[in-house]
Amino acid sequence: MFDYYDVPLGIAKEGISLSVEREGEVLLYWRESVDEKVEKNLPASTGKILINPIEPVNKPKELTSYLLIEFERTLVVEPGATQKIYAKYPLEIGVFISRNENFKILDIFTLMKQKFTLYGDPSSGVICKYWSSAVYSSLPSVNPIQEGVVELSITNTSTEWVEVTKAVFNAYGMKMYYSEDMVAMKANMKIMKGKIAETDFFDSPLETGMKKSLELYTVRKVAITTTKFVMEAGI
Amino acid sequence: MNLDIVVYGDVRLYHLLMAALILLIAVLIAKGLVIHLRRSLKDKVEKHQLEDIVKVVWYGIIGIAVLTVFPILGVHPAGLLAAGGITGIVIGFASRSVVSNLISGLFLMIERPIKIGDAVNIDGTAGVVEDIHIFSTVLRAIDGLYVRIPNDKVFTGKLTNYVANVARRFEYVIGIRYCDDADKAIEIIKNLIDEHPLTLKNPASQVFVDNLGDSTVNILVKIWAPTTEWYGVKRELLWKIKNALEKEGIQFPFPQRELWFNNELRSREIKAE
Numbered sequence: 097m098f099d100y101y102d103v104p105l106g107i108a109k110e111g112i113s114l115s116v117e118r119e120g121e122v123l124l125y126w127r128e129s130v131d132e133k134v135e136k137n138l139p140a141s142t143g144k145i146l147i148n149p150i151e152p153v154n155k156p157k158e159l160t161s162y163l164l165i166e167f168e169r170t171l172v173v174e175p176g177a178t179q180k181i182y183a184k185y186p187l188e189i190g191v192f193i194s195r196n197e198n199f200k201i202l203d204i205f206t207l208m209k210q211k212f213t214l215y216g217d218p219s220s221g222v223i224c225k226y227w228s229s230a231v232y233s234s235l236p237s238v239n240p241i242q243e244g245v246v247e248l249s250i251t252n253t254s255t256e257w258v259e260v261t262k263a264v265f266n267a268y269g270m271k272m273y274y275s276e277d278m279v280a281m282k283a284n285m286k287i288m289k290g291k292i293a294e295t296d297f298f299d300s301p302l303e304t305g306m307k308k309s310l311e312l313y314t315v316r317k318v319a320i321t322t323t324k325f326v327m328e329a330g331i
Numbered sequence: 501m502n503l504d505i506v507v508y509g510d511v512r513l514y515h516l517l518m519a520a521l522i523l524l525i526a527v528l529i530a531k532g533l534v535i536h537l538r539r540s541l542k543d544k545v546e547k548h549q550l551e552d553i554v555k556v557v558w559y560g561i562i563g564i565a566v567l568t569v570f571p572i573l574g575v576h577p578a579g580l581l582a583a584g585g586i587t588g589i590v591i592g593f594a595s596r597s598v599v600s601n602l603i604s605g606l607f608l609m610i611e612r613p614i615k616i617g618d619a620v621n622i623d624g625t626a627g628v629v630e631d632i633h634i635f636s637t638v639l640r641a642i643d644g645l646y647v648r649i650p651n652d653k654v655f656t657g658k659l660t661n662y663v664a665n666v667a668r669r670f671e672y673v674i675g676i677r678y679c680d681d682a683d684k685a686i687e688i689i690k691n692l693i694d695e696h697p698l699t700l701k702n703p704a705s706q707v708f709v710d711n712l713g714d715s716t717v718n719i720l721v722k723i724w725a726p727t728t729e730w731y732g733v734k735r736e737l738l739w740k741i742k743n744a745l746e747k748e749g750i751q752f753p754f755p756q757r758e759l760w761f762n763n764e765l766r767s768r769e770i771k772a773e
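For the record, the sequence lines run as chains A and B. For our numbering, count along the first sequence from 1 and bump the result up by 96. For our numbering, count along the second sequence from 1 and bump the result up by 500.
Simulated from the structure, these hints should not be mistaken for lab results. Worth double-checking, as some hints may not be accurate.
[What the hints assert, rightly or not] Okay, the calculated bits of chain B under chain A, using three or more residues with CB under 8 Å as the criterion:
1) 623-633
2) 665-671
3) 701-711
Note that CB positions come from ideal geometry on N, CA and C, so glycine has one too.
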């Protein structure tokens, strides 16, 4: 499903119906999924349509740029060790129109349940998009239009044993790659003294041959101050 | 035209024109810079930060221009200090509320209990902060009215900032009949809260029987939501809870009172006769 498309186009997959059709002098974009219908008029000069996974923090409302993944099972990491795990995260799908390498977001949708949570306390914490995931020691199989996989390398640089129950990521730093059967990103969590951790992303595919997603925050030309997140309110 | 005419002291007409020209150029430069800053930083910094930057640039340029113009007009800062004394005291008394507002405005800018765009309640006036000037704060009241509040009232009065924290809690009391299953009602309410995307997973919502009222079993519902969304969630969820409970046969009774009589009612005696 994730690819560049010429117009007109029509896609019907797993409850998603999406089309771009000529209607007189304009193009009509139409999408229906999970009780949501969107219709938009596009200029006839629209070049290509790109559909790819984007940072999963936009639906149902853009309240935050942080994603919190809570692990269903606590991870225990020994001092000085690095542990590699896999977790799942919910996908959001972005539909872009493009012309001469100039992109504009047209529509965003998801097939997954949406929930928010607070990381930290109400006065100094941050609102995060919430997802609960099992922890896998090897690459789990996923439905590529519903969930993605994050490969997380957890390094405990402290001198104490630590228990990890969650990870918070900054969507500005997400680097997603996709193939026919998987959407994935690679992240890093560095645990420091005092049970503080820093998360960040690697800009490399999980498997060879995967294509890089066009990130929403790149298209929007948002001034980014940092791509990392420092977890100071517990890990 | 003779520009060498003495206006007062050593100040001549061309001095006045030069001072006016400097001030005019300073205003033009400040305006141009402010417009440029607003355009270039609009998407890069938050509105309240942009307004702060704009104010610093504006007052900075105008302040420098005024200080430059003073000597041309024969006013010397050292002389001003020396001329303080009695005049200063008189002016001080006459303008103490102005100075009080000015000082409060400066402290507000340093302490930052509110910023532009915040929903606040200042001494009983609720609204959204439109601007924070040096002497006053401007609110757009919830009914759309323009309200100007002197800064000393903002600083010394009771101030509630509804959006200072990122999350807030709201509550409902749901009264159900004594004959209804309270556990089932709690389960239904919890499911509805869980399904709503804008109620927070953490801090967790609380749903429990809070008290046994005169006519109802009262279930207290405490829900956390993002501060920007809580009011919409509050309006939406209550009706959903009402409909979902009614769908399961759980009802909300009117106030009622059960009366017990020590003796049988006289109407029965009459009937028996």
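Each hint tested on the structure:
no. : hint    : in the structure
1   : 623-633 : violated (count 0)
2   : 665-671 : holds (count 4)
3   : 701-711 : holds (count 3)
Consistency with the previously given hints fails for number 1 only.
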